[in-house]
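Participant: Each chain is listed here by its residues.
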Amino acid sequence: MLIKETDYGTPPSKTEAMVTLEIDGESVTVPAGTSVMRAAVEIGTKIPKLCATDSLASFGSCRLCLVEIEGRKGTPASCTTPVEPGMKVKTQTSRLAKLRRGVMELYISDHPLDCLTCATNGDCELQDMAGEVGLREVRYGYDGANHLTAEKDTSNPYFTFDPAKCIVCSRCVRACEEVQGTFALTIDGRGFASVVSPGQKQDFLDSECVSCGACVQACPTATLMENSIIESGQPEHTVLTTCAYCGVGCAFKAEMRGEEVVRMMPYKDGKANHGHSCVKGRFAWGYATHKDRITKPMIRAKITDPWKEVSWEEAINYAASEFKRIQKKYGRGSIGGITSSRCTNEETYLVQKMIRAGFGNNNVDTCARVCHSPTGYGLKTTFGTSAGTQDFDSVEASDVMMVIGANPTDAHPVFASRMKRRIREGAKLIVVDPRRIELVKTAHVEADYHLQLMPGTNVAMINALAHVIVTEGLVNEKYVAERCEPEDFKHWRDFVALPENSPEAVEQYTKVPAATVRAAARLYATGGNAAIYYGLGVTEHSQGSTMVMGMANLAMATGNIGHNGVGVNPLRGQNNVQGACDMGSFPHEFTGYRHVSDDTVRQSFEQAWGVTLDAEPGLRIPNMLDSAVEGSFKGIYIQGEDIAQSDPNTQHVTAGLAAMECVVVQDIFLNETANYAHVFLPGSSFLEKDGTFTNAERRISLINKAMRPLAGYADWEATMLLSNALGYPMNYKNPSEIMDEIARLTPTFKGVSFDRIRELGSIQWPCNDAAPEGTPIMHEKGFVRGKGKFMITAFVPTDERTGPRFPLILTTGRILSQYNVGAQTRRTDNIAWHPEDVLEIHPFDAESRGIRDGDVVSLASRVGETTLHAKISERMQPGVVYTTFHHALTGANVVTTEYSDWATNCPEYKVTAVQVRLSNQKSEWQRSYEQLREATRKVAATAAE
Amino acid sequence: MTTQRLVHMANQVAAFFASYPEAEAVEGTANHLKSFWDPRMRREIETHLAEKAGAGLSHVALEAVKRIAQKDADKKSA
Chain U
12 MLIKETDYGT
22 PPSKTEAMVT
32 LEIDGESVTV
42 PAGTSVMRAA
52 VEIGTKIPKL
62 CATDSLASFG
72 SCRLCLVEIE
82 GRKGTPASCT
92 TPVEPGMKVK
102 TQTSRLAKLR
112 RGVMELYISD
122 HPLDCLTCAT
132 NGDCELQDMA
142 GEVGLREVRY
152 GYDGANHLTA
162 EKDTSNPYFT
172 FDPAKCIVCS
182 RCVRACEEVQ
192 GTFALTIDGR
202 GFASVVSPGQ
212 KQDFLDSECV
222 SCGACVQACP
232 TATLMENSII
242 ESGQPEHTVL
252 TTCAYCGVGC
262 AFKAEMRGEE
272 VVRMMPYKDG
282 KANHGHSCVK
292 GRFAWGYATH
302 KDRITKPMIR
312 AKITDPWKEV
322 SWEEAINYAA
332 SEFKRIQKKY
342 GRGSIGGITS
352 SRCTNEETYL
362 VQKMIRAGFG
372 NNNVDTCARV
382 CHSPTGYGLK
392 TTFGTSAGTQ
402 DFDSVEASDV
412 MMVIGANPTD
422 AHPVFASRMK
432 RRIREGAKLI
442 VVDPRRIELV
452 KTAHVEADYH
462 LQLMPGTNVA
472 MINALAHVIV
482 TEGLVNEKYV
492 AERCEPEDFK
502 HWRDFVALPE
512 NSPEAVEQYT
522 KVPAATVRAA
532 ARLYATGGNA
542 AIYYGLGVTE
552 HSQGSTMVMG
562 MANLAMATGN
572 IGHNGVGVNP
582 LRGQNNVQGA
592 CDMGSFPHEF
602 TGYRHVSDDT
612 VRQSFEQAWG
622 VTLDAEPGLR
632 IPNMLDSAVE
642 GSFKGIYIQG
652 EDIAQSDPNT
662 QHVTAGLAAM
672 ECVVVQDIFL
682 NETANYAHVF
692 LPGSSFLEKD
702 GTFTNAERRI
712 SLINKAMRPL
722 AGYADWEATM
732 LLSNALGYPM
742 NYKNPSEIMD
752 EIARLTPTFK
762 GVSFDRIREL
772 GSIQWPCNDA
782 APEGTPIMHE
792 KGFVRGKGKF
802 MITAFVPTDE
812 RTGPRFPLIL
822 TTGRILSQYN
832 VGAQTRRTDN
842 IAWHPEDVLE
852 IHPFDAESRG
862 IRDGDVVSLA
872 SRVGETTLHA
882 KISERMQPGV
892 VYTTFHHALT
902 GANVVTTEYS
912 DWATNCPEYK
922 VTAVQVRLSN
932 QKSEWQRSYE
942 QLREATRKVA
952 ATAAE
Chain L
13 MTTQRLVHMA
23 NQVAAFFASY
33 PEAEAVEGTA
43 NHLKSFWDPR
53 MRREIETHLA
63 EKAGAGLSHV
73 ALEAVKRIAQ
83 KDADKKSA
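Protein chains in written order, with our numbering: chain U, 12 to 956; chain L, 13 to 90.
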């Protein structure tokens, strides 16, 4: 069945007062402020419309939704007329019918009559309206001036703009403004000459358009149309699912023709995205069926051997026998595994279960190690649980947002649109970031304060902000007295009040004027509901965990935890980072963040799993690699992660992998880590399986199988095969059974099941007897740990220092169109926006090195060197350069070091001392890696049968 | 894993807890190593303590390593 959500025409009113009126003789009661159009839809009465849709404020331009209201003159537009008590409305009269037909006649007189060959045939509001109003003729003919020969804009790889079909309803322009907040579109010209124009009469690709798809979604005609629909035709059924890109976790309708996806449409009832999307989720799904997909298992004895395609049985048996051989020879702790933040909760749970129960050790870790592990440590220490405090909807009640070390418009674009909307409504914004990110100043959004600090000085900055709050009497004493540990608070207050933590004292490190810091602190403490949103610019530092605790301190001191509009909110990088952490992927914790040394907890797992479990923590990813180089760690199972590209100091990572005797990689593509693998198990994309993802707001959402796994097995099934071959039996029939087991063993998931998620749409954990429908906002009545714990957060500068040889600081990140290691997005048309990683460098640093925009430059640190093109950018401050890590052969992580967070070993990606020079050749690493890549990716020819 | 790296990691942990009174700092550091370090990492740092008197460890880190070494020894003899 194809799911079509009801379009109420105008947004819902949020007022509580109710109004009763009569529409076509039927009584209806709706919130005050509701439009007549929406009230009519509430009782199933559709009023013809074209310029109205419920994601946009009413506009009143198409003149089709006219109604008659008793006692009023004329025929007001129902979309712009609010309901009133006792109002009597008629939606169908002969007068209205005549008027509507007249309006439609005018529209159709300048519209091509090619419905039968039009891509929207059967899904066109204009076509529907012509039918609804009974249009039978167009008296004006088609010989007059018209737009029928207007040229199409096909510049965007994902959609086509055909102005000949435009009715100038402005829905696209308004969607770009109100929903996306980019303001890339406008109506150029006046009257008959009015046309939709991207940017300054540019084509779509060259304009500021971010290809979120909101305009295409809003278009009621075929003017803005997905190319996939133009090419494939209309879908015939829908599979509801959840996006597999960032941690926003947008709900989508996978619109299908058989097993072929023809469109991904954001789902209006999705509670994380409310019908909005970004370029990745909306359009960049073609990787799922890309020709590079590996669909057959492969094995080889040495990485220099060509791959040999084998049956699943042979590959699994080979992997299992190798793991057993290694353990027999080197000991039980000589192997381990890595779970994936891109896989489902159920798959992640199975991998850690197989390692703990099947391998018999706790050497399990996850890619959250290299992104948000400090979030887990910091928030658990201060609040009692390892998760963000709010739901995304909370932003609508925020008066002040402090965005620290995050770039939401690129990395979490759908949520960024909601932030921008709230800022346009009047919320204040503080940005703490070394770069001038887009939020600092963009269309109709400008930060009140940009604390453009030097990389590596976050903790000095958070202490300075706290110093102002404490010394200027801005602490919420009542909240702290009621909710927090008094002794810890006293120690913290005394600590941050020290002169060394004042904005004036730390200016030497942060380079941010003290007066600006003081003003920002006052705004955060006194501006109303203040929410902190943060990203990897907080966590990926040697003091990442300290900074998380520093932010938690600040929020507790000002009472900004435990209610709507506030909180400490990590913006998670990958789709299921939260879930992977929840599922017991860390070597020291079972599901629900319970330490392996807790006898009661461990016994519950021993009883359920039928084995004795290790009470000691296992190795983290960097520890595994160190141990591999040293010789005590010899085998690894890696599901859906590419550590050879994503983890720091590539040459150390690959040395570790090369030192192992059995590397098993399970992925949808032959990734960089697979260059060092002995067994390759083909993975399954999110479209090929059932399961759940958990997003940054702890929201557990279903993904549903839209097509059969290309390789025959979903990832959870492959893990079961391996576990069974190892001698630890697993026999789940469906991922829902795995979730049932998780719920039995995890108090915070007690009320979670697939059926319950289907019933509620999604569930935010904790979900248990105390919160049967989940928990949108945490710590409302008290902290999970009881009283909030203030931690002392002394600033300890990183050991990575600049100097004469390496005078610049490199910080790395991501860009809107690409995702993580790029394995997915590089195999889509998103490559049009970001074909390569570039080095952003400030004009001052570029000029002093003779570097011009586009030059090839060498980027070298103490551990490695690569080359890439330079991009002169004033987003950077002098002394700081920036690049992304989306492309394997750029190898940004050849340059980053192994310095890491003190508590969690999360790498310090954000601070690497580097030098940049003009270059005319690839680095030595690039040359040798290209050769290795060539040599290790060969697949032996299969003999013809 | 190189001893040098373990010493650096232990010193990093100790540097965080060093803001607390010494007894708490040592306790916090020792608890951290116990809770988050794989036993082979602890064994290596304990060996470094035994063979090189924990050379390179900060004061707090050294005291913490002594404490976990003592606890592990007690556990073995128990």
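No lab work stands behind these hints: they were computed from the structure.
Be a bit skeptical, because a hint or two may be false.
As the list claims (entries may be wrong) - In silico DSS-like pairs for lysine-lysine, Cα to Cα no more than 30 angstroms straight-line: (1) L/K87 to U/K339; (2) U/K335 to L/K88; (3) U/K109 to U/K25; (4) U/K798 to U/K319; (5) U/K798 to U/K501; (6) U/K335 to L/K46; (7) U/K798 to L/K88; (8) U/K339 to L/K88; (9) U/K212 to U/K882; (10) L/K78 to U/K57; (11) U/K792 to U/K761; (12) U/K212 to U/K489; (13) U/K501 to L/K64; (14) U/K340 to L/K88; (15) U/K340 to L/K46; (16) U/K99 to U/K84; (17) L/K87 to U/K313; (18) U/K84 to U/K163; (19) L/K78 to L/K88; (20) U/K439 to U/K391; (21) L/K64 to U/K391; (22) U/K391 to U/K335; (23) U/K391 to U/K452; (24) U/K792 to U/K302; (25) U/K335 to U/K792; (26) L/K83 to U/K391; (27) U/K25 to U/K522; (28) U/K716 to U/K761; (29) L/K78 to U/K452; (30) U/K501 to U/K792; (31) U/K339 to U/K439; (32) L/K46 to U/K391; (33) U/K452 to U/K522; (34) U/K25 to U/K302; (35) U/K335 to U/K882; (36) U/K15 to U/K716; (37) U/K84 to U/K57.
To be verified - Short, incomplete list of chain L residues facing chain U, as computed with Cβ under 10 angstroms: (38) N23; (39) S31; (40) D50.
We put the CB at the ideal spot given by N, CA and C, even for glycine.
Participant: Compare the structure with the hints numbered earlier in the document and write down the numbers of the violated ones, lowest to highest.
Facilitator: Structure breaks hints 3, 4, 7, 10, 12, 13, 17, 18, 21, 22, 23, 24, 25, 27, 29, 31, 34 and 35.
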